[in-house]
Amino acid sequence: MAKTLFAVLNTRGPNWDDSKPMEEQVDWRAHADFMNGLAAEGFVLLGGPFKGTRDVLLVVRAEDRQEVEARLSPDCWVVKGLLRNLRIEPWELRLGSLDP
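Numbering-wise (our numbering), the sequence shown opens with residue 25 and increments by one.
Just so you know, the hints here were simulated from the structure itself, not pulled from any lab data. Fair warning: there could be bad hints in the mix.
[What the hints assert, rightly or not] Subject to a maximum C-alpha distance of 27 Å in a straight line, what follows is the list of computed DSS-like cross-link-like pairs (lysine-lysine):
id, residue 1, residue 2
1, LYS75, LYS104
2, LYS44, LYS104
3, LYS44, LYS75
[Claimed, not checked] Each pair of labels, with its calculated beta carbon distance range:
id, residue 1, residue 2, range
4, ASP51, ASP79, 17 to 23 Å
5, GLY105, THR77, 29 to 35 Å
6, ARG118, ARG53, 34 to 40 Å
7, ASP41, ASP123, 36 to 42 Å
8, SER43, GLU116, 22 to 28 Å
9, ALA94, ALA54, 24 to 30 Å
10, GLU47, SER121, 17 to 23 Å
11, ARG78, ALA54, 32 to 38 Å
12, TRP115, GLU65, 16 to 22 Å
No residue lacks a Cβ here, since even glycine has one placed at the ideal position from N, Cα and C.
Can you make the complete structure from the sequences, with help from the hints?
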């Protein structure tokens with residue numbers, strides 16, 4: 025099966041500490057290392073928070089929605105309730121390019 029692009033919308037979970045910036049949240053380094061690993065593998069193509077909101081957008085490449093869920097669910101921030109998934113949708117790139 026060919027890989028498909030997916031847009032993933034995540035939001036801060038109930039255990040997010042609003043008094044601290046992202047880099048001072050519990051297990052920041054482990055979360056960052058996990059996400060950097062997915063990016064190095066070519067699974068996560070783009071990602072980052074929406075400024076002024078509680079939400080994060082990821083663009084990933086996977087065979088199906090189940091792969092997206094399976095690859096993102098072990099993230100320590102998901103497991104510990106700092107981040108939760110709102111939506112996973114197949115996405116079609118129409119403008120620009122993901123190629124360097």
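Query raised in the report: Which numbered hints turn out to be false for this structure?
Result: The structure conflicts with hints 5, 8, 9, 10 and 11, although it agrees with all the remaining ones.
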